[in-house]
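Please build the complex by placing chain B on the supplied structure of chain A, with the hints as guidance.
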Amino acid sequence: MASFPSLKTGAVAQYPATRRIRYQNQALRFVDGTEQRYRDCEAPLLRWEIRLSQLDEGEMAALEEFFMANQGAFGSFTFTDPFDGATYPDCSLEADALPLAAVAEMSSTTSLTVVENRN
Amino acid sequence: MLVYPQLGTGALSQFPIRKERRTRTVINATADGRSIKLADPNAVTTTWQLEYAELTDTEAGAMEAFFAAVEGTLNGFTFLDPAGNLLAWSGQLDDAVWATGPMLRLASGEADPAGGTLAWRLTNTGAGPQTITQTLASPGDYVYCFSVYACAQENTTVTALIGNGRMAQSVTTGWNRIAFTGTGGAGAESVQFGLEIPAGATVDVYGPQAEPQEGASIYRASTLGGVYADARLRDDELAITSTGVNRHSCTVNIIHVNHL
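Quick mapping for you: the protein sequence lines, in order, are chains A and B.
All the letters of the first sequence, read from the start, carry residue numbers 1 to 119 under the numbering used here.
All the letters of the second sequence, read from the start, carry residue numbers 1 to 260 under the numbering used here.
The following block holds chain B by itself, in its conformation from the complex:
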């Protein structure tokens, strides 16, 4: 699996990040101002422009090695959106992308920490721990941060999961954001993110988010997710400028097209 390199900090990119979503709609405009439209869902294109500065020799070397591995625009690679939530349907925990334990009951419409009613109530009716997870086709060697807001009717402990990594987190009666940073497992080509709820516990959760970096950023509700298989570099040329000792800069343009 060819994957876009993370920086030494664990981040995938630096500011500014430019991203463009492009769709295709065929429009037949009539003389009286009305229009007849036809969508083309397979034509969705997403592009990113990532500008890097102050890269170390190691980071610049990794970028060059990646460029050589994909041979410019020739080969596809897996790209994780640095400006998005990697998880799909983050606000719809009963969607098929989520795998839930057989004894875990889900109920929507609970009050959330943002002032709405988009939280979910997870009730473990079984005698053992139950999980709710989502598996992404993303590289196990990356550093990820999984975060979710949680509160409980009674103080309890839940376990955040990233791949084989586990981290117990206490959940109180007030909303708190759980954040767990870890890797998905060396060489793995998919990573599982989720929560484990202990037997008999009831926990309200809101805003699950996975990011390809060490810290959690503001929650972004998502439906599509942020893992782009078969992304491509836009250019056959990579220019790395050395601005000093162990200081380099470059700009990378990445494109993902649904129908390719």
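Just chain A, same shape as in the assembly:
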């Protein structure tokens, strides 16, 4: 399975990076004001927001190739959490769009979001 590309430094993310943990719970509210809550999924899912800047053209091209090889949000890949080093074997890109901006020579920026898939 493909892996998310790392930068020349070996890192996959730069500051600021955001990791979100999301549960999916449901609540049934009754006429008397009480409520009953239950889990709608077995475990939380993670989501990483990666913003990259000061990339060189080679790093940018690698991310673009990765996006196209995955067909945007369709494909899945292995992602190593930059916060704790844990490996998540089934992740996808969240969006079907990848914005790329070459601001100057060896100074490109992009941003993308990786989401963990439920098996």
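Mixed in with the good hints, there may be bad ones.
As the list claims (entries may be wrong) - Using 20 Å as the maximum straight-line C-alpha spacing, the simulated SDA-like pairs for lysine to any residue come out as follows: (1) B:K37 with A:A2; (2) A:K8 with B:A221; (3) A:K8 with A:E105; (4) A:K8 with A:T109; (5) A:K8 with A:R51; (6) B:K37 with A:R47; (7) A:K8 with A:I50; (8) A:K8 with B:P113; (9) A:K8 with A:E57; (10) A:K8 with A:D81; (11) B:K37 with A:V115; (12) A:K8 with A:D56; (13) A:K8 with B:S217; (14) B:K37 with B:R22; (15) A:K8 with B:G115; (16) B:K37 with B:T25; (17) B:K37 with A:L46; (18) B:K37 with A:R118.
Derived from the structure by calculation, the hints contain no laboratory data.
Positioned in the frame of chain A, the structure of chain B alone reads:
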């Protein structure tokens, strides 16, 4: 062949260059967090936003003439990605997009100058020179730069090729980047890029790259290539602002859609 104009410098664009890749995935999300996905490969869209400043009268005139020729969004044209490697499968020299001479042997997995093992060993087992080339449906009138990293077991000379142009380059036992700038031939509608290896020589190569500009930039590994036939302007209006004598600026939006 309608083609997007190069600037007087030989460059196709100026910084900043904004590009967006867009795909289409149909996702059926289930209540428990799982999802069923369906890809739509034909829906890939690529857009560029090119901002120009300090254009000369001639360059601004060429832009206006091009805009008139394509009649805004009406007609398609060939666009070469200024932020990409024009060659397809630059790291896979045995792919069908590459034409190799019958006596040229290819072996992958050699050490490359970036610290990996993505270089290819080209061995000419014949009695005459052998070539490895890729032909692109790109305008011959453009200025191109073809570059590749090369090293050899023994010092030798290879020939870089752009269209009918040839340039001999010495290759030593250490990695060096060969860069050859030239045009593809007046009026030609396809251009061939590649290397010619002399008889009996063994050369390791890595990172072949073709760019629509005069100099080589950092190597970008590519699979899709950077020639977009039937690209379109996004807008029916072109605004050119004159900021002084012989100084103009404008912004151009270009779109390429696979299924059109």
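Evaluation of the provided hints:
Our distance criterion of 20 Å between C-alpha atoms is met by K37 (chain B) and A2 (chain A), whose separation comes to about 17 Å. Under the criterion of a C-alpha separation no larger than 20 Å, the hint pairing K8 (chain A) with A221 (chain B) is consistent with the structure, at around 14 Å. Proposed proximity of K8 (chain A) and E105 (chain A) is supported: the alpha carbons are some 16 Å apart, at most 20 Å. Annotation: proposed proximity of K8 (chain A) to T109 (chain A) holds, straight-line Cα distance about 15 Å (limit 20 Å).
With a C-alpha separation of about 16 Å, the suggested pair K8 (chain A) and R51 (chain A) falls inside the 20 Å cut-off, and the hint holds. This hinted pair checks out: K37 (chain B) and R47 (chain A) have alpha carbons roughly 18 Å apart, not beyond 20 Å. Only pairs whose Cα atoms come within 20 Å are accepted, and K8 (chain A) paired with I50 (chain A) is accepted, the gap being roughly 16 Å. With a C-alpha separation of about 14 Å, the suggested pairing of K8 (chain A) with P113 (chain B) holds against the 20 Å cut-off.
Restraint check: the Cα-Cα separation between K8 (chain A) and E57 (chain A) comes to about 11 Å, which is no more than 20 Å; the hinted pair holds. In summary, the hint linking K8 (chain A) to D81 (chain A) is supported, as the alpha carbons are separated by about 17 Å, within the 20 Å threshold. Simply put, K37 (chain B) and V115 (chain A) have alpha-carbon atoms about 14 Å apart, close enough for the 20 Å limit, and the pair holds. Straight-line distance between C-alpha atoms of K8 (chain A) and D56 (chain A) comes to about 9 Å, which keeps the hinted pair within the 20 Å bound.
The suggested pairing of K8 (chain A) with S217 (chain B) holds, with an alpha-carbon distance near 17 Å, which does not exceed 20 Å. As the CA atoms of K37 (chain B) and R22 (chain B) are separated by approximately 16 Å, the hinted pair is consistent with the 20 Å bound. Between K8 (chain A) and G115 (chain B), the direct Cα distance comes to roughly 11 Å. Compliance with the 20 Å bound is thereby established for this hinted pair. For the hint pairing K37 (chain B) with T25 (chain B), the CA-to-CA distance comes to about 7 Å; that is within 20 Å, so the pair holds.
Under the criterion of a C-alpha separation no larger than 20 Å, the hint pairing K37 (chain B) with L46 (chain A) is consistent with the structure, at around 19 Å. Restraint check for K37 (chain B) and R118 (chain A): satisfied, since their Cα atoms lie roughly 12 Å apart, inside the 20 Å limit.
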